[in-house]
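Heads up: the sequence shown begins at 30 in our numbering, then just goes up one per residue.
FYI, nobody ran anything at the bench for these hints, they're computed from the structure.
Fair warning: this is a prediction, and the values are worked out from it, not measured in the lab.
Honestly, I wouldn't trust all of these hints.
DEER-style ranges, computed between Cβ atoms [stated by the list, open to error]:
{"hint": "1", "residue 1": "Arg166", "residue 2": "Leu188", "range": "25 to 33 Å"}
{"hint": "2", "residue 1": "Pro724", "residue 2": "Asp437", "range": "45 to 53 Å"}
{"hint": "3", "residue 1": "Met311", "residue 2": "Glu876", "range": "29 to 37 Å"}
{"hint": "4", "residue 1": "Asn226", "residue 2": "Asn560", "range": "55 to 63 Å"}
{"hint": "5", "residue 1": "Thr585", "residue 2": "Pro927", "range": "30 to 38 Å"}
Idealized CB from N, CA, C, for every residue including glycine.
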Amino acid sequence: MTELESEVLPLPPRYRFRDLLLGDQSFQSDDRVQVEFYVNENTFKERLKLFFIKNQRSSLRIRLFNFSLKLLTCLLYIVRVLLDNPEEGIGWSHIFWVDRKTPLWAVQVSIALISFLETMLLIYLSYKGNIWEQIFRISFILEMINTVPFIITIFWPPLRNLFIPVFLNCWLAKYALENMINDLHRAIQRTQSAMFNQVLILICTLLCLVFTGTCGIQHLERAGEKLSLFKSFYFCIVTFSTVGYGDVTPKIWPSQLLVVIMICVALVVLPLQFEELVYLWMERQKSGGNYSRHRAQTEKHVVLCVSSLKIDLLMDFLNEFYAHPRLQDYYVVILCPTEMDIQVRRVLQIPLWSQRVIYLQGSALKDQDLMRAKMDNGEACFILSSRNEVDRTAADHQTILRAWAVKDFAPNCPLYVQILKPENKFHVKFADHVVCEEECKYAMLALNCVCPATSTLITLLVHTSRGQEGQESPEQWQRMYGRCSGNEVYHIRMGDSKFFMEYEGKSFTYAAFHAHKKYGVCLIGIRREENKSILLNPGPRHIMAASDTCFYINITKEENSAFIFKQEEKQKKKGFAGSYGGPSRLPVHSIIASMGTVAMDLQNTECRPANSSKLALPAENGSGTRRPSIAPVLELADTSSLLPCDLLSDQSEDEMTQSDEEGSAVVEYVKGYPPNSPYIGSSPTLCHLLPEKAPFCCLRLDKGCKHNSFEDAKAYGFKNKLIIVSAETAGNGLYNFIVPLRAYYRSRKELNPIVLLLDNNLDSLLQCGIIYADNLVVVDKESTMSAEEDYMADAKTIVNVQTMFRLFPSLSIITELTHPSNMRFMQFRAKDSYSLALSKLEKRERENGSNLAFMFRLPFAAGRVFSISMLDTLLYQSFVKDYMITITRLLLGLDTTPGSGYLCAMKITEDDLWIRTYGRLFQKLCSSSAEIPIGIYRTESHMFATSESQISINVEDCEDTKDVKEHWGIKTSHHRNSCSSDQSEHPLLRRKSMQWARRLSRKGNKHSSKTAEWISQQRLSLYRRSERQELSELVKNRMKHLGLPTTGYDEMNDHQNTLSYVLINPPPDTRLELNDIVYLIRSDPLAHVANDGHSRKSSCSNKLGSGNPETRDETQL
30 MTELESEVLP LPPRYRFRDL LLGDQSFQSD DRVQVEFYVN ENTFKERLKL FFIKNQRSSL
90 RIRLFNFSLK LLTCLLYIVR VLLDNPEEGI GWSHIFWVDR KTPLWAVQVS IALISFLETM
150 LLIYLSYKGN IWEQIFRISF ILEMINTVPF IITIFWPPLR NLFIPVFLNC WLAKYALENM
210 INDLHRAIQR TQSAMFNQVL ILICTLLCLV FTGTCGIQHL ERAGEKLSLF KSFYFCIVTF
270 STVGYGDVTP KIWPSQLLVV IMICVALVVL PLQFEELVYL WMERQKSGGN YSRHRAQTEK
330 HVVLCVSSLK IDLLMDFLNE FYAHPRLQDY YVVILCPTEM DIQVRRVLQI PLWSQRVIYL
390 QGSALKDQDL MRAKMDNGEA CFILSSRNEV DRTAADHQTI LRAWAVKDFA PNCPLYVQIL
450 KPENKFHVKF ADHVVCEEEC KYAMLALNCV CPATSTLITL LVHTSRGQEG QESPEQWQRM
510 YGRCSGNEVY HIRMGDSKFF MEYEGKSFTY AAFHAHKKYG VCLIGIRREE NKSILLNPGP
570 RHIMAASDTC FYINITKEEN SAFIFKQEEK QKKKGFAGSY GGPSRLPVHS IIASMGTVAM
630 DLQNTECRPA NSSKLALPAE NGSGTRRPSI APVLELADTS SLLPCDLLSD QSEDEMTQSD
690 EEGSAVVEYV KGYPPNSPYI GSSPTLCHLL PEKAPFCCLR LDKGCKHNSF EDAKAYGFKN
750 KLIIVSAETA GNGLYNFIVP LRAYYRSRKE LNPIVLLLDN NLDSLLQCGI IYADNLVVVD
810 KESTMSAEED YMADAKTIVN VQTMFRLFPS LSIITELTHP SNMRFMQFRA KDSYSLALSK
870 LEKRERENGS NLAFMFRLPF AAGRVFSISM LDTLLYQSFV KDYMITITRL LLGLDTTPGS
930 GYLCAMKITE DDLWIRTYGR LFQKLCSSSA EIPIGIYRTE SHMFATSESQ ISINVEDCED
990 TKDVKEHWGI KTSHHRNSCS SDQSEHPLLR RKSMQWARRL SRKGNKHSSK TAEWISQQRL
1050 SLYRRSERQE LSELVKNRMK HLGLPTTGYD EMNDHQNTLS YVLINPPPDT RLELNDIVYL
1110 IRSDPLAHVA NDGHSRKSSC SNKLGSGNPE TRDETQL
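Generate the whole structure from the sequences, applying the supplied hints.
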């Protein structure tokens, strides 16, 4: 071998290069092997099997041809019967022999030959090793009975008139039809309802039974009375319907035997068919069937995808969705993987909903179910999360998959998605509208601390109502509160509006004031045609254009309003000089006459000091008896005096100066964006930040560290009231709680320290400074989601809040519940007659069809509690009002658009009552600070009916209690009014204790009489002690044990009988009252900083302020 190799000479370089380019052809031709695949399918048998059986379309054609042949044979049999004319007389020969014409015989023989060959071919192709299984099939036996005799008559002509039961081919036609339908479904890739198949099979079975009985009886009766084909058919119908007239009956025993056999077969076959049909019908009722393609193409529908459908969720969706007139013709298709609930089934059987709501049981992750719901033809798809799930992250994962599946199946269908946790929101960013529950929940809880009852304000704004709630109530506050609750946010193009058309070219503030003055509508924001961003109160520098879209608050939209200009014409004749001397008698919708004395006090527009009130009484010039007047709202803003002085003075003061109270003890801090976002998709907001990141050890309020030794809230010396957040875990949602409270537009003097309480017990509450707190926010329900009963998900939260309410009556406790119906248990008083009256009012409003039946509950009206499920309507309303989510997020501070204002509040003091009415307040705010008021939070004193457990008693006779009160420094009269007694609830127990004390004093000797008397008095004092005193002593003992001063707790026991409620866009002639809190939309202070220049540029920079860095400020918490 080596010798041979040594003899081979190397190729020249040019040949080697040629081989490299062309390849070694000899090697390829020698070693390459061509492999053929699927050679078994190239055989003649496999090709026939592919054509007759495997291929869907060709097999469908074969079955259709076979079905046509069988129907043709049945038709030829009927023709043969009609042409047959049997001889008179009775004989068995008429049964075996018939008169068959030669052309008819030829056609029947041809068909029989084709059928026989086809049957034998299919037997050969479907042979699997057991020939007997193929031979003893019923279809094969019937085929042989109807074909073989015809083939025999070809070779033996005397048998051409032999009777052959060709009518049995109807059963073969039925069998071919079933197979044909199955092949049809496979061929067109469409899953048809099994209900249709079963109904078709049942109908075919009945037809075959009737046809077989008709032909069999007619033929056998040839040997008897010779019944016609029609009479035989009539007899079969009468017999199978169990009527049995008896006018037509079989006379000979073969036909009678056939009737018996047919009845037995019918008794066996038909019940089985009906049982299958009923079963499929029940399954269809559970699954809901299909939404027809024809209806989807001719009618409009939306799809609601949920994990589990509860009656509350369904009614909220239906009532809110169909509240809009243009949605009355829409269908709602519900796609839910679970079986329909009994309550839901009963509701959907109501004629009002049964014609418009279709329930489909299925999964959004299956294309078949999405096809059943006709998702690709839907106008919108609402995907809601299951907030009752134990694992809320898992619930969000299910929602995300549903959203992806719908987007993949129907990319053009608008998506409205609800997400529970904010960190999962970016997965569904492609959706048209997304509402994050925890974002809204924590933002509403935060704003409730600085703007009371913001949750109630937002909830009422996003619910559809006509303002008819409470109008039949005898109490004034309920009528006014219910009337104002009908206000909603609407939009209209300015050029098409009668409300705002006349203010084209005027400032936004001018248009807002005069529209409110003239029509009673509250203009809150605009959107430029070229810019899609919505701006709330863009300020007086914004000039209104005809192409602007105006957003306003009113009872109803402008298109549904009627305009009566008679009052305006009268005022024009009299002159424009009306006053607010008395309340206006005009309704809210009509034009309200002059909104007060519009005197030209131009000195009020001068730059005023930053610490002065914007509602300060104007200086009088000249006569001292002239009534105070309000400056007019200018058509175009005076930029040199208005914005720099009013909107930026407070913020500039925070950066530049120091107040007299704080002196030099001001901690340095900056304004900037949070450096670390807790989740993807959080909206960046300019906030108050510490210049340096605080050490983690300093965040523990109850433990000291090397930087400080403070162990309770008292030691920190906070100047502002605390905001305590009681939660199980510090989740990402708390970011949305902190940001609105630390936003750049809030003054440093308004910032409240935030304490996060993760251990909810009495000692922790006292250590974190609850007696110095202004608000306690309770978010404590994650662990109770596993309750077996859905409505028990709020049980832990309700009981904890009730405990805190009993311990600290005057503390403002704010919480959120899963179910709105559970709000009636907040601050529960079992024997309070007023609460019972409110409960009856709620039931009456619910019977009247109100969507806001819970609104009169005192905790909700006062903003102490809300349910985030109420904001589901925000997602539903976005289908008609696509701007509602954006406006709500701007109001809650979740989004900050440059140039858009923010929600804040202002309290009416005694110095502000000179304004007198809400309309004059509107003018004052617009003319002085360009702020837009949108509502009032009013608190009134109310005398609640006193129950037995709330009767106060005098305990001055108990010396020990008296000494304790003197030691605590409590006024006795004040303590009596704030305490309650339970002595009337135990008269028998108290009487027995007194008898026991007397017996003890009689039986004892003289030496122990003083001791017995002391014991009896101690026992009497214990029984006479009220529940309020017991709780007070419990708290104070714990405070003493923890080394905390008890002086601040006495003020928290002063629980006043008050009720609070929200008035959205009240009438202009509404009288202002002391301690009213006015909701304002204030202009963005940074909107025009770039134009103003110089010093105000520092309000959004990272420059540090002067002060002592060692002093702790409230922002460090």
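Here is what the structure says about each hint:
As the Cβ distance of Arg166 to Leu188 is approximately 26 Å, the hint placing it in 25 to 33 Å holds. In this structure the supplied range 45 to 53 Å holds for Pro724 paired with Asp437, their Cβ-Cβ distance being about 49 Å. At about 34 Å, the beta-carbon gap between Met311 and Glu876 stays in the expected band of 29 to 37 Å. Separated by about 58 Å at the C-beta atoms, Asn226 and Asn560 satisfy the suggested range of 55 to 63 Å.
The given range of 30 to 38 Å is respected by Thr585 and Pro927, whose C-beta atoms sit roughly 32 Å from each other.
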